[in-house]
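K.L.:
Listed below are the residues making up each chain.
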Amino acid sequence: MISLLWLIPALPLAGFLLLALCGGRLSRHHIAWVGCGSVGTAAVTTALVAADFFRGFPTRESYQQTLWNWIDTSGMTVGISWNLDALSLLMVTVITGIGFLIHLYSAEYMAHDDDYARFFAYMNLFVAAMLTLVLADNLLLLYLGWEGVGLCSYLLIGFWYREPEYGTAAQKAFIVTRIGDTALAIGLFILFTQFKTLSIQQVQSLATEAWPVGSNLAMIVAVLFLIGAVGKSAQLPLQVWLPDAMAGPTPVSALIHAATMVTAGVYLIARMHHLFELAPMVQEGIAVLGLVTLLLAATSALVQQDIKRVLAYSTMSQIGYMFLALGVGAWSAALFHFLTHSCFKALLFLAAGSVIHSLHHEQNIFKMGGLRRHLPWTFWTFLIGAAAMSGVPLITSGFYSKDWILWSVWSSPLSHRWIWFGALLGAMLTGLYSFRLIFRVFFGEVRTQPTSESGLAMRLPLLVLAFLALTVGFLEMPHTLGNITLFSHYLSHALPTTALLPGMEESSEVREQLAVTVAALLGIGLAALLFLPGSLFGARRTDQSTTHPSMTLLQGGWGFDRLYDRLFVRPWFAITRNSSDMVDRGYEWLAVCAESCHGWLSHTQTGQVRWYAASIAVGTLMLLGLFAM
Amino acid sequence: MLSTPALVLAIILFGLGLIGLLSRRNILYMLLSLEIMLNAAALAFIAGGARWGQVDGEIMFLFILTLAAAEVSVALGIVLQLSYRFRTLDADAFCEMRG
Chain A
1 MISLLWLIPA LPLAGFLLLA LCGGRLSRHH IAWVGCGSVG TAAVTTALVA
51 ADFFRGFPTR ESYQQTLWNW IDTSGMTVGI SWNLDALSLL MVTVITGIGF
101 LIHLYSAEYM AHDDDYARFF AYMNLFVAAM LTLVLADNLL LLYLGWEGVG
151 LCSYLLIGFW YREPEYGTAA QKAFIVTRIG DTALAIGLFI LFTQFKTLSI
201 QQVQSLATEA WPVGSNLAMI VAVLFLIGAV GKSAQLPLQV WLPDAMAGPT
251 PVSALIHAAT MVTAGVYLIA RMHHLFELAP MVQEGIAVLG LVTLLLAATS
301 ALVQQDIKRV LAYSTMSQIG YMFLALGVGA WSAALFHFLT HSCFKALLFL
351 AAGSVIHSLH HEQNIFKMGG LRRHLPWTFW TFLIGAAAMS GVPLITSGFY
401 SKDWILWSVW SSPLSHRWIW FGALLGAMLT GLYSFRLIFR VFFGEVRTQP
451 TSESGLAMRL PLLVLAFLAL TVGFLEMPHT LGNITLFSHY LSHALPTTAL
501 LPGMEESSEV REQLAVTVAA LLGIGLAALL FLPGSLFGAR RTDQSTTHPS
551 MTLLQGGWGF DRLYDRLFVR PWFAITRNSS DMVDRGYEWL AVCAESCHGW
601 LSHTQTGQVR WYAASIAVGT LMLLGLFAM
Chain B
1 MLSTPALVLA IILFGLGLIG LLSRRNILYM LLSLEIMLNA AALAFIAGGA
51 RWGQVDGEIM FLFILTLAAA EVSVALGIVL QLSYRFRTLD ADAFCEMRG
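Protein sequences appear in the order of chains A and B.
Counting from 1, one number per residue, gives the positions in the first sequence under the numbering used here.
Counting from 1, one number per residue, gives the positions in the second sequence under the numbering used here.
Hints are supplied without guarantee of correctness; some may be wrong.
[Claimed, not checked] Label-pair restraints from in silico Cβ distances:
| id | chain 1 | residue 1 | chain 2 | residue 2 | range |
| --- | --- | --- | --- | --- | --- |
| 1 | A | His603 | B | Leu22 | 18 to 24 Å |
| 2 | B | Leu32 | A | Asp72 | 55 to 61 Å |
| 3 | A | Met622 | B | Asn26 | 25 to 31 Å |
| 4 | A | Val583 | B | Leu28 | 54 to 60 Å |
| 5 | A | Met629 | B | Arg51 | 35 to 41 Å |
| 6 | B | Glu58 | A | Gly599 | 48 to 54 Å |
| 7 | A | Gly619 | B | Leu76 | 26 to 32 Å |
Treat the hints as calculated values from the structure; they're not laboratory data.
Cβ coordinates follow ideal geometry from the N, Cα and C atoms, glycine included.
With the rest of the complex left out, here is chain B:
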């Protein structure tokens, strides 16, 4: 079936994203990893939609795309503020609140 390689690709992409998220300290790279994970999930939806011949998967993909755009716009605003305040992009430096 066509969907199996697509799912494998999705899993690999998701794993790569997760590793990137956990290992990177630069917050911009963490955001990039997050995008990769989102796209992996979207790919899984597409594969599912293709497997069952239903349009829902593609609709979900559009939703995820919109969500990703919104998320990035908010996140970049926060990143901007953080870099103004702390003069760094190191995620581990933003741990003042401890919670």
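Here chain A stands alone, though its shape is the one from the complex:
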């Protein structure tokens, strides 16, 4: 069964081809069946492959499958070859499983859209590209998937391309991530010139042999890979595209900009962990980057007015946690947070989509309110998602993953105390902004009258994801609570275990956990105090626009857009305007030359056969004369 591995990316690709080539001739019903079915069968195949994989696990830690040679020149052989190990199997499960739920949801959410087939074609292509990314055995194939998901992200952000604003958002996402992609490509070039191979395993084992820890080349390559990861995962300083990416349809935001694509950076760093271990300074940089991003994004999420932008900033913030965990060497913790995050964030986005759907595409949370009674399903699932994101202790998955990260930050020799305090503050802010959303949208008086609750195809994914958001956390429980280590045991076959500082025992872990719990609950309590209508300050804060400069700064995501506009965009435009005359002269001269030559030569084109015959004869004579000389 494990030899069916190639089918997993092939099925969504086949779905894409079918929908792209003859989507216009299929009925809506059939389009939905093809779109969901291809990803659904991929999910079933994943389950079969996983079952077979676990039968041989852990004696067989990975499974390789080469389909054919993609590029075969002297000195460079790149195959279309898949590599299945614990890490990629985890990613594949999430992509196909959650991907299927989101496809199912979109079958109803997009039901009235004109471009139904185009939507599912792009979504299927995305799933295929993402699976290529995580299953790739070599870096070039990984890069193919990496660019593929970038392309689909662009296409889907600009899905409603008739709105110029959305097109701009799509271009912004594409261009900003392109910076990271370029860095990643340069990293690949350096690795290839050094080791003459792009196979992930070989590159890493050769790098560990050839480069001492902290060597210059290792640092450069690690930094280039980090820039690539930062661009894709919307971390500082390339984070500006993600909030604007919310222009796409909500299922797209759930699939691409929350659950899967934006975590590709996390996957890349985890996959190349041997390389990053050679560059400890870069690894420390990852932790700091993650921390700064998570705080910036969390504070921005506090003041957003658009429900999807709140979730976008929260995604940045949660990925910041993953980067933080990667930075302190807690590889498994980062992947565990990826797993729980993709469940609860997909859930939050889908529930938000359900709200938006029932409010006739109203996204401003100040125009919402009191939806608790009208949309009970959405309310309860959204509540579970928000609770999981804030890390409500014991019952939600978010608690276990976030606690693991914070415990690793506390106990890792690569970390500092101030990083931990920053992350704790972030946990508090997470509770605050998640429940601000809950109280604004679902409590208080009704401001926009909703239509009825959505149908089964939208409710079912919500229920499944809510169940997962509650239970996935039980795969890994800390020593102090049950001590279940299924997840870390499983991933220890692909990723190194986290190093602990000496002298870290259980009593400090209990204290640390209490701090996390208190932080999360404090955030939720603060939110209740500030935003719950009828509470102490809740009543007064109903005005929707604040003009205080600090608020506008936060709303704009700390003014990075304006900064980049000043630093790069405007100077560039100025340069192009001023230098256009000087540079253009040269090109104009070329154009004039070509034009006059053309006019001169076109006189010979008389259209008379005899003239052509004569010119052929004369030409032949001249050639013969040349040879004779």
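Dock chain B against the given chain A, drawing on the hints supplied.
P.N.:
Below, chain B without anything else, positioned relative to chain A:
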């Protein structure tokens, strides 16, 4: 040698054909001149084959013969179409496209 007069004859024939091609305006006569030029070239091949005692020259002659037949059949079809459309056989009249 026997081949020298044959080559001279070929050159004369080729020159006559070329002059005919360039000076005639009737497209049928131009085709006739073209045939003469083709036959001149074929004659040169025969002469070459005879000079070196090899069969290749005659084979080439057969090829040229076939080619000439094919060319004439296509060309006559075109001539027919042209005369239908323009009601003339003057080659200089067919210069609408200028290229």
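K.L.:
Against each hint, give a clear statement of whether it holds in the structure.
P.N.:
Going down the list of hints, with the structure as the test:
1. Range check, A/His603 to B/Leu22: about 19 Å between beta-carbon atoms, so the 18 to 24 Å window is met.
2. At about 57 Å, the CB distance of B/Leu32 to A/Asp72 agrees with the hint of 55 to 61 Å.
3. For A/Met622 and B/Asn26, the hinted distance range of 25 to 31 Å is satisfied, since their beta carbons lie about 29 Å from each other.
4. Checked against the given bound of 54 to 60 Å, the beta carbons of A/Val583 and B/Leu28, roughly 58 Å apart, stay inside it.
5. For A/Met629 and B/Arg51, the Cβ-Cβ distance of about 26 Å falls outside the hinted range of 35 to 41 Å, so the restraint is violated.
6. At about 50 Å, the CB distance of B/Glu58 to A/Gly599 agrees with the hint of 48 to 54 Å.
7. At about 27 Å, the beta-carbon gap between A/Gly619 and B/Leu76 stays in the expected band of 26 to 32 Å.
Violated hints amount to a single one, hint 5; each of the other numbered hints is respected by the structure.
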